[in-house]
Every structure is written in structure tokens, then in C-alpha cells.
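Participant: What follows is each chain in one-letter form.
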Amino acid sequence: MTDAARDDDREIIIRVRGLRNGFGEQIVHDGLDLDVRRGEILGVVGGSGTGKSVLMRSVIGLQSPLDGTVEVFGENTIGREETDAVDIRKRWGILFQGGALFSTLTVSENVQVPLKEYYPGLDQALLEEIAAYKVVMTGLPAEAGPKYPAELSGGMKKRAGLARALALDPELLFLDEPTAGLDPIGAAAFDELTASLQKTLGLTVFLITHDLDTLYAICDRVAVLADKRVIAVGTIPELLALDHPWIQEYFNGPRGRAAVAGPNRPVHEDKRG
Amino acid sequence: MRAPADFERSEDNGEAVLRFSGNLSLACLGDLPARLETVEGGVARLDLREVGRMDTVGAWVVHRFARDRGAKIEGLNADEQHLLDQVIAAEHPIQLPPPPQGSVTRALDEIGKAVINSGRTLYGLLGFMGATVLAFWHVITHPRRFRFNATVQRFEVVGVGALGIIGLMSFLIGIVIAQQGSVQLRQFGAEIYTINLLGRLTLRELGILMTAIMIAGRSGSAFAAQIGTMKLTEEIDAMRTIGVSPMEALVLPRVFAVVFMLPLLGFYASIISILGGGLLCWVDLGITPVTFIQRIREVVPLTDLWVGLVKAPVFGAIIAMAGCFHGMQVEGDAEQVGQRTTTAVVQAIFLVIVLDAFFAVFFTNVGWT
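Line order of the protein sequences matches chains A and B.
Positions 1 to 273 (the working numbering) are the ones given, in order, by the first sequence.
Positions 1001 to 1369 (the working numbering) are the ones given, in order, by the second sequence.
Hint data in this document are derived by calculation from the structure and do not stem from the laboratory.
Small disclaimer: the values here were computed from a predicted structure and weren't measured.
Be aware that a few hints might be false.
Unchecked claim - Here are some, though not all, of the chain B residues that point toward chain A, as calculated from beta-carbon distances under 8 Å:
#	residue
1	Ala1027
2	Pro1033
3	Val1057
4	Ala1078
5	Leu1083
6	His1092
7	Asp1333
8	Glu1335
9	Gln1339
10	Thr1342
Claimed, not checked - Each computed DSS-like pair below joins lysine-lysine, with the alpha-carbon atoms no more than 27 Å apart:
#	chain 1	residue 1	chain 2	residue 2
11	A	Lys147	A	Lys90
12	B	Lys1113	A	Lys147
13	A	Lys116	A	Lys90
14	A	Lys147	A	Lys116
15	A	Lys157	A	Lys199
16	B	Lys1113	A	Lys199
From the three backbone atoms N, C-alpha and C, an ideal C-beta is built for every residue, glycine too.
I would like the entire structure built from these sequences, with the hints used as guidance.
Facilitator: In C-alpha cells form, the structure reads like this:
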């Protein structure tokens, strides 16, 4: 937890106000407010079906909400066309749950897609080099570059997806359950990677997760989704001071206690045992 | 904030120094990489003191230049140094794709691959037919394993659901045959033979053939896509582990449905075609419905109906098995589902037409002319 993350005056990168989402009869969000500040890693937690992914989709403009406003970098993202809002799209990178790699392209070509789209002037040799170091930076072996997504394991797909999300060196990174389905060692390495990228690139990270270890290890603040809105945002000690039953159960359940038992240990040690 | 990246060459103590300024980031890079290539002579140091924001692409471009020219990078703050270190740590030689082959070699290569592929598919399809027969035998010996509900549900999707489109298609085909036939036969004053043409052609060949093609496009493709998607989402694997045979649960009901529905639909299509043609005869040639029906009964032998109906279940089995087989062959990614679906339809239609030719020769030889 950095002190800077507690500074309320910092620029707000994502501003969600009065968001209302629903599918047919079912209302997922109602009057949801959320701020994400520059340079922080914000973890978003909530039970299954509380609409964490829907929230992310609303923020990045894939889901049109019934009501409310969403601003990213001070610009509205709701209802924008794919080819519109280019200035925002250049500044964010998104990692979808399954990686969402283009299956007809190799990993290296996948990473080059956003580069070619926005910077057509770059020459092919430089593109290849950029893709190559991005792939290795996300922890993939160098041989993964010319492979197709179908030849990769689930964890490798996630890393390749992250390499594509980072292709443009974005300021804002969305991660949808990045550690789900990874082994604990891989998950800890992914956490470390996220934290180190955040530090070196000054990233702002919007991180959806179920992983308590990730929350303790790298998140500056945590937003809790429940009752169709964000019921609390704060550091983990701040959240623990609240007596909402879901928050208490989440952080003080057996897994929560196991995760809190070792927050000072190096992250690459498996804590679940 | 948006200062473009730039550099300037100067001499310092007899050493060449490049002083960078602006933002060394992707958005501000512009033609900097190309201009760096044109710098001539040795460069001893790269001074990054004046640089604003630097991202990994900027760091890479600087590092690449420093590496190639043996220059030293200086003037970095701690964060920038960390960034540069990370980029350097991730460096590795890139593997270039193998050079393209000559056009003749490539053509031969592709032909060879296509032949091997066709052979494998044919072999696989034969194997799949065998597996279907075995599953069928298994169901006969264990009748309780027969999935009645699933089969009936397929009957509805394959059969009842297709009535509208097949009816419309057949009605129009009947009109076209009668119209074109009458135009040609009028030259001989033999318009009345339009009825022979219409009745025999639709019952013997076109009714069944057009229905088979429509069902291949409508149901065969759906089978391949459904089963292929289930394969991708591991539903088939889940089924197997629970002890449910996908052959019994997925393939047999579909094969049964098409085998039973195709004769019915083919008969229905023939009748609708005859109705369409009859309507045209009435309007265009002045042949009343009563005369038309009487004439149809006289000129169309019952064997024509049998010829059509015997072929239908065989075509049905081919269509259903091609669809299910290609669905089961899906592996890897979503693109395969599309490819396999297309292949299933193309192969089903091709096999149906080849078999139809064999049937035509066969029935002529056994005297059902």
C-alpha cells in the first residue's frame, strides 16, 4: 500500500456515476458509483453474478447501460463506435478472461494488431522486435511467438493476451480475472508481473479478481460489489473495519485468513499450501 | 505532454553524443527509428537527460541503437533505468518465418496435402459409419438405452421445421419445370406431355434430391456446428466421463431423425411440386385439375414413387453422418467449427449426387424405368 494511493486529490481516470445495468427483468447494477485514480491498482471483488465483468464491459463501452454515465480519461465511453474514441482506445489495454486472442493469428501477430492499427508507419522489423520483447516480458518463452493460440495452454493464452493488452504501452490496464485458472506459482508470478509493470510504466490497473492473494499482494484499493452497487472502496484494513456481513465473510473466511497470514512473505511463495 | 521525440548530435571531449529530447513513447516516436538508422559514424554515448516520458517501445529503440553501435546510455532516473533493464532482460533473438517456397513446389505441396487430407477424411468417415452401426446395434440389444425424447425432438427440428421452406422451394420448382417443359413441348404440339415430365421427374429425382440438398444445408450444417461447439466447450468429454456415449446421445438421434424424415419430406416435396406444376398447367395450358390428376395417375408408374423413396433414407444417413462426423472432428479453435461445417455440407451434397447417379443406373438396369 503506497501512501500516494491514499491521496484523494489525484486525477480520476475512470469515473462511473449512477450506472444502471440489466438484462430483461434482471437488474445487475443500480446506482453504481466508482472512481479509479491515476497510478493505482484497484481490485474489484464480489460474489458470483454481482456483475464484475458487466461493470468492466460498461466502462470500456462494450455494454450499453440503461442509465448512468461512464467517463474514462474524462471522455464518455458509452455508445461509442469501434472506430470512434481512438484517443482513449490507444491509451488502454484490456485482458479478457480467456485471453480472447485472434485464433487465426500467431501470438506475435496478435501483439502487432494494435500497433499496426494505430501506428501504420512502423516498419515490420521493429514490429517483430517489439512483439518479441513484449512476449518475453509477460513471462512467455521466446518460442511462443510464432505459435497459434490453439497450441497454447490456458495460462499461456492469458500471458499472450496480456502481451497484446500491453502492446501500445497503455496508461490504463483492465484485467478480468487474470489469475483464475493459473497454478499458485503462476498466479503469484502474474501478480508480480502486474505490480512490476505498474511500477515501471506507471499504469493504472482495473483488476477483477476472486484471488485473495492477489488482493493482498498488489492492490492499492479494493472495491466491493454487492447489492447491485459498490458498497465500499478502500484499503483492505479499511474494509475490514466495516461490518458488512459479506465483506466480513469474504476477508475473514478460512481463505481470507490464510491469505492475510502471509502478506509480508515474498509473493512467489505459495500461501495456500 | 505531446512533445515529439527528437535527438541532436554533438561532440563532447572528442566523443560523439546523441542528446534525446521530447517523449520517447510510442505516440511521440514518429520517424525517430528511421532517422536513427541514418546516423553515421561511431556514437559513444546516448544522453537521455532531456527526455520526458519513456515507454518500453522508446526504451527498445534506444537500446537497439546502443547495442548496434556500442554506445552507452546515460541520464536515466531510477524508474527509467528499471524500465530499460526490463526491456533488455526480455530481449531474445527473433525467429523469422521460413522463406516462401517456389510456386511449383508450393502447388505440389498443396496438392499432396489435399490428397492426404481427402484420404484421411474418407477413412474417418467410413470408420464413423461403422461406429454408428455399432452404436445402433448396441441400442437394439439394449433398447432401454434408446433416447426416445431426443430423437422425437430432432424429428421436429429436422422434419416439421423444414416443411415451410421445402414446400415453398418445391412449389416454385414445380412451376419452373412445367413452364420450361411446356415451352419446349409446344413446338411439337405435345404440351400434354408436360404432365409426364413433371410427374416422373419430381417423384423419381428432383423431389428427393432437392430435399436432400436443402436438409444438408439446413440440418447437416447445424449438426456439425452443434457437435463441433460442444467438442470445443468440452461438453463431449464431460458426457464421456459421466458414462454417456456421445454416439448414442448425440449421433444416433440425429441420424434416425434424418433417415426417417427425409423420405417423408421428399414425398411431401414431390407432391407440392406436382401441385405447383398442375397450377401452371391449369393457368397456362388450360388443363383442368381433374384432367391433370387423371393424367398423372395414368402416366406415372408406382415404381417411380418407390425409386424416390428407396433413395431417401440412404441420402438421409449420408447427410446426418457427414454432419456428425465433421462435428466430432473439430479440435482447437472456433475457426475449425466453420471449416468443418462447410466441409460437412459440401461432402454431404457431393456424396448424395454421386450416389444418386449410381441409383439411376441401378434402377434402369433392374427394369424400373
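Participant: Each hint should be assessed against the structure and marked as holding or not.
Facilitator: Taking the hints in turn, this is what the structure says about them:
Annotation: interface hint on alanine 1027 of chain B holds; nearest CB of chain A at approximately 7 Å, less than 8 Å. At a threshold of 8 Å, the smallest CB-CB gap from proline 1033 of chain B to chain A is about 6 Å, leaving the interface hint in force. The beta carbon of valine 1057 of chain B is positioned within 8 Å of a beta carbon in chain A (closest approach about 6 Å), and the interface hint is therefore held. At a threshold of 8 Å, the smallest CB-CB gap from alanine 1078 of chain B to chain A is about 10 Å, leaving the interface hint violated.
Annotation: leucine 1083 of chain B was flagged as interfacial toward chain A, and the flag holds, the nearest CB pair being 4 Å apart, inside 8 Å. A hinted interface residue such as histidine 1092 of chain B counts as satisfied when its beta carbon comes closer than 8 Å to some beta carbon of chain A; here the least separation is about 4 Å, so the hint holds. The closest approach between the C-beta of aspartate 1333 of chain B and any C-beta of chain A is roughly 4 Å, which is under the 8 Å cut-off, so the hint is satisfied. For glutamate 1335 of chain B, the interface hint holds, since its Cβ comes within 8 Å of a Cβ in chain A; the closest pair sits about 5 Å apart.
At its closest, the beta carbon of glutamine 1339 of chain B sits 11 Å from a beta carbon of chain A; the interface hint therefore is violated under the 8 Å criterion. For threonine 1342 of chain B, the shortest C-beta to C-beta distance to chain A is roughly 15 Å, which exceeds 8 Å, and the interface hint is violated. Straight-line distance between C-alpha atoms of lysine 147 of chain A and lysine 90 of chain A comes to about 26 Å, which keeps the hinted pair within the 27 Å bound. Proposed proximity of lysine 1113 of chain B and lysine 147 of chain A is supported: the alpha carbons are some 21 Å apart, at most 27 Å.
For a cut-off of 27 Å, the pair hint linking lysine 116 of chain A to lysine 90 of chain A stands: about 12 Å separates their Cα positions. As the CA atoms of lysine 147 of chain A and lysine 116 of chain A are separated by approximately 19 Å, the hinted pair is consistent with the 27 Å bound. For the given pair, lysine 157 of chain A sits about 24 Å from lysine 199 of chain A by alpha-carbon distance, which is consistent with the 27 Å threshold. This hinted pair does not check out: lysine 1113 of chain B and lysine 199 of chain A have alpha carbons roughly 50 Å apart, beyond 27 Å.
When the structure is compared with the earlier hints, violations turn up for hints 4, 9, 10, 16 and for no others.
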